[in-house]
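Participant: The primary structure of each chain is shown beneath.
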Amino acid sequence: MRMKRILSVFRIDTINGIRDKMVIYILVAPIIFSFFFRIIAPDFQSLSLLFVTLRDQRTTLESLEKFGSVELASSEAELKERVGRSDDSVAIYKEGESFNLFLQGNESEEIEEVAKIILAGLQSDNMRYLNFKESDQGRFVAPVTVFGFTFVVIISFVLGGMVIGFNIIEEKESGAMRALMVTPIKKSELILGRSILGIIIPLIQTFLAVLILDLPTMDYLKLIIVTIFSSVIGIVVGFLIGVISSSQMSGIANMKISGWLLLMPVILGFILPERLQFIFFWSPTYWSFAVLKDIVNHSINWSSFTIQILWICLTTAILFLLMMSRIKKGLQTYLN
Amino acid sequence: MRLFTNISKEIILGWRSHFFLLTVTLAVAYFLLMTFLIPEDLSTNTQLILLTENEEIARAIEASDRSSEASLSFVSSRDELYESLNRSFSSIGIIMSGDTASPSFELIFQGHEDTKTRELVKLMVAHLLHGSNNQPISSDNVQYLQRKQDDGLDIPFNKSFLPIFLMFESIMMGMIMVFAMVFSEKSQKTLDAFAVTPGRAWEYLGAKVILLIILGIIFAIILTALAVGLQAKYLQLILIVSIGSFLSTSVSLIAASFYENLSQSMAAMLTLTVIFSLPMLSYYMEGFSPWYLRILPTFPIIFSLKGAVFPNQGSTEISGLILVAVEAVWAFVIAVNLYKLRMRRVRM
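Taken in order, these protein sequences are the chains called A and B.
With the working numbering applied, the first sequence covers 1 to 336.
With the working numbering applied, the second sequence covers 1 to 348.
None of these hints come from the bench; they were simulated from the model.
Some clues are possibly wrong.
[What the hints assert, rightly or not] If you want the footprint, here are the derived chain A segments under chain B, 3+ residues with CB under 8 Å:
{"no.": "1", "segment": "24–36"}
{"no.": "2", "segment": "96–106"}
{"no.": "3", "segment": "131–139"}
{"no.": "4", "segment": "151–162"}
{"no.": "5", "segment": "170–182"}
{"no.": "6", "segment": "244–257"}
{"no.": "7", "segment": "269–280"}
[Claimed, not checked] Label pairs and their in silico Cβ distance ranges:
{"no.": "8", "chain 1": "B", "residue 1": "Asp192", "chain 2": "A", "residue 2": "Met218", "range": "49 to 55 Å"}
{"no.": "9", "chain 1": "A", "residue 1": "Glu274", "chain 2": "B", "residue 2": "Gly111", "range": "16 to 22 Å"}
{"no.": "10", "chain 1": "A", "residue 1": "Thr217", "chain 2": "B", "residue 2": "Val28", "range": "44 to 50 Å"}
Since we're looking at a predicted model, the values are computed, not measured.
All C-beta atoms, glycine included, are put in the ideal place defined by N, C-alpha and C.
Isolated chain A, as found in the complex:
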């Protein structure tokens, strides 16, 4: 195996990628996602409500603004029209000496209960004589930012893998593979050379996401390690898609299934409670998600980190072993 050839494959892929603007697009997409999560994080609070009140009721507006976002309506009719729209908003307005609550009728019990508590609070002002002492656990990163960050990192290596896969399919279709077959390049050199981009791109994106989402107090060494190990998942899946798909159409069908298997554990892992997360232990992306989440929350020491990295390796290895015969068979037609 020659390093020079591996680097040549990497150089050619990079030049082609930049010429096609593919590398630029791949780099830009997760940056856009990071900016999006940065924008929504302050508003995305699990206890927040969207209120509607009348424009001329200044005191009601000020009271409601303490608990959530407020939209203004010029009349009761407009207020009711706003509540009737498809999203969940509740109207609270003053009529005479008392406050009225206006609901659509299909809200969840929790929304209705919170709205009624706020209504009762406005009526009786029962918070006035109570003193509260506040403290916190030092977790200043909002759950949605944690999810956003892990999602961006995972998307970046999944995307990297998919690009590897579709490059292979296109080379098969265009016949470029035949030209490669008459060169002295070995199968292992081509695979390694092609994989470098799949590691470098996620690394760049991870650090851009750290900057955009403003997560400066991160353990960077752990972050680099987990990104490199996780990138292997994307590369394995990318090669798998590339070698087993005979055309771009079947490639997209395979991408759909593998994307589902890779991303679903991450999305559900964010929603489901810890006691139910064992159902995703088979998924390497779940372990990447778990490590990244703990790194952002500063709640992981080196021993647990090592165990979780081993889980990423183990699940990726199992995935690889399960698919090895198909990959081998596919590689035989890909490059002899």
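Since chain A is already given, all that's left is putting chain B on it; use the hints.
Facilitator: Relative to the frame of chain A, chain B by itself:
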């Protein structure tokens, strides 16, 4: 007639590429996921963990009507409270001490909560403490736009994912598949061959759109029937899926016209998919519907899907759907013109 020939060609190609098999498999997979992996009774709301260090306060809270506050849980020691806070990063701890005349409250937040959430928690604590002394809310002060459903049938947590899955697959299935179809034909120069036939661009593209609408409808019917049976409004569901799929496929056709191959378009494809998925945040987090999500065409679609599959818990916003249909037609017209230009270049 040419349109039907094109449609049958697309159906044959879709069948050969296992698109139909994939659609049915995914529908069954989503059903299994919903039924066996996602629990029925799970609250994703912020968990309030309460520790009362005084018997009198504990009794006052017992007297409070908290039957519907599913997100309140009790612990018996500070250690247990901190353990719970470390387990769930969206939980908030409340320690109540002192006596009812001069109660003392310690609120332990995670650190990421904003002032609005903190104020709301304080109000909830005050409400809990005042228990039975809370001034009851007169029914005259609470009005509903539509008749309140008293059937006690809230959507189970697992089935609440149904509109999200329908959105993700039925509506947006076309977004990814149309890229594959376009690039596959680009590499085989099908469009160049089509350009020298009397066939028109709208027939060529329309056939793709119709195939993807059919796939979307198949997915929606299978998954909805498995999940909620006859409870759903199927005609309404088919209409929403058709409009949504028409829009997403047309937008993807526009995007695909700017790229030469799938690898190049991967980032654009993913960005479009994510942008169209964003209103799921509003669906998942009630009360979170900022303007930048409301302007997305998929915003009325996801809530209309909810209205179609859970008719008692949601409603379909007709004006929103009409707007989406108009946007879909516009997107399709733009796509047709872009492909016409390309075909003209081939003819020259």
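Participant: Now tell me, hint by hint, if it's right for this structure.
Facilitator: Cross-check of the supplied hints:
1. 24–36: Answer holds; 7 residues pass the 8 Å Cβ test.
2. 96–106: holds (count 9)
3. 131–139: holds (count 9)
4. 151–162: holds (count 3)
5. 170–182: holds (count 3)
6. 244–257: Contact hint for the segment 244–257 of chain A vs chain B: holds, 10 residues under 8 Å.
7. 269–280: Answer holds; 6 residues pass the 8 Å Cβ test.
8. B/Asp192 / A/Met218: 49 to 55 Å: Check passed, 51 Å falls within 49 to 55 Å.
9. A/Glu274 / B/Gly111: 16 to 22 Å: 19 Å, holds
10. A/Thr217 / B/Val28: 44 to 50 Å: The hint (44 to 50 Å, Cβ to Cβ) holds, given that A/Thr217 and B/Val28 are roughly 45 Å apart.
Consistency with the previously given hints is maintained throughout, with no hint failing.
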